[in-house]
Every structure is written in C-alpha cells, then in structure tokens.
Amino acid sequence: MLRCPVSADAWDDPIWKSLDYASYDPSLFQYSYQSDGKTFTAKAVGDAGCRGEIVTYVMTGTTIRGNPVVEFTEPR
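For the sequence shown, counting from 1, position 9 maps to 9 in our numbering; every step adds exactly one.
Hints listed in this document are in silico derivations from the structure and should not be mistaken for laboratory results. For every residue, glycine included, the Cβ atom is placed at its ideal position computed from N, Cα and C. Worth double-checking, as some hints may not be accurate.
Stated by the list, open to error - Have a look at the derived ranges for each label pair, beta carbon to beta carbon: (1) Tyr24 / Ile54: 33 to 41 Å; (2) Ser35 / Pro75: 20 to 28 Å; (3) Asn67 / Pro26: 31 to 39 Å; (4) Ala8 / Gly66: 34 to 42 Å; (5) Pro14 / Pro68: 15 to 23 Å; (6) Ile64 / Arg3: 13 to 21 Å.
What the hints assert, rightly or not - Lysine to aspartate or glutamate pairs mimicking DMTMM-like chemistry, simulated, CA-CA at most 20 Å apart: (7) Lys43 / Asp13; (8) Lys43 / Asp20; (9) Lys17 / Glu53; (10) Lys38 / Asp9; (11) Lys17 / Asp47.
Please model the entire structure based on the sequences and the hints provided.
And the structure:
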C-alpha cells in the first residue's frame, strides 16, 4: 500500500505542538487541525485504497454548556 512520506517540518506548527502530537512514519493520510479556541475542525485527507479516490474524514468539536460535543463525518 502506497504511503506518503512525512516531513518533520510539518509537525513544527504551534497547533500540533500544543496538541503534543507528531507522527513521523509514512502515512496514508495528511492531517490538518484548526481551532479558534472554542471550536475545532480536524481533517484526514488521503487515498487509503490507492485507487486515485481521495477521501476526507472530518471531525468537529465544541462545548455546549461546558460539555464537549464531537461530531465525526465519514466520506460518502
């Protein structure tokens, strides 16, 4: 299965450092994370089947009355 090489520089972003997350092994997906401090959106984009079909998984989150609420959307 084809895996994408990972640049060590990709994990130097302050967002990833604040999450204390980094993965240096080749991967099937490329990851992104955005937050305004109240909500977040995390994405994984890739071609897991190596068929030229790019898929995007999205996770969003926020808090409602102090309780975390997370929603996961799979590609269709």
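Right, here's what the structure says about each hint:
Distance hint check: the CB atoms of tyrosine 24 and isoleucine 54 are about 23 Å apart, inconsistent with the given range 33 to 41 Å. Distance hint for serine 35 and proline 75: a CB-CB separation of about 22 Å, consistent with the stated range 20 to 28 Å. At about 37 Å, the CB distance of asparagine 67 to proline 26 agrees with the hint of 31 to 39 Å. In this structure the supplied range 34 to 42 Å holds for alanine 8 paired with glycine 66, their Cβ-Cβ distance being about 37 Å.
Distance hint check for proline 14 and proline 68: the Cβ-Cβ separation is about 22 Å, which falls inside the suggested range of 15 to 23 Å. For the pair isoleucine 64 and arginine 3, the beta carbons lie near 38 Å from each other, so the given range of 13 to 21 Å is not met. Taking the CA atoms of lysine 43 and aspartate 13, the gap is near 16 Å; set against the 20 Å cutoff, the hint holds. Our distance criterion of 20 Å between C-alpha atoms is met by lysine 43 and aspartate 20, whose separation comes to about 17 Å.
Only pairs whose Cα atoms come within 20 Å are accepted, and lysine 17 paired with glutamate 53 is rejected, the gap being roughly 31 Å. Distance check on the hinted pair: lysine 38 and aspartate 9 sit about 26 Å apart at the alpha-carbon level, beyond 20 Å; violated. At roughly 26 Å between alpha-carbon atoms, lysine 17 and aspartate 47 are farther apart than 20 Å, so this suggested pair is violated.
In summary, the structure is inconsistent with hints 1, 6, 9, 10 and 11 from the numbered list given earlier, while agreeing with the others.
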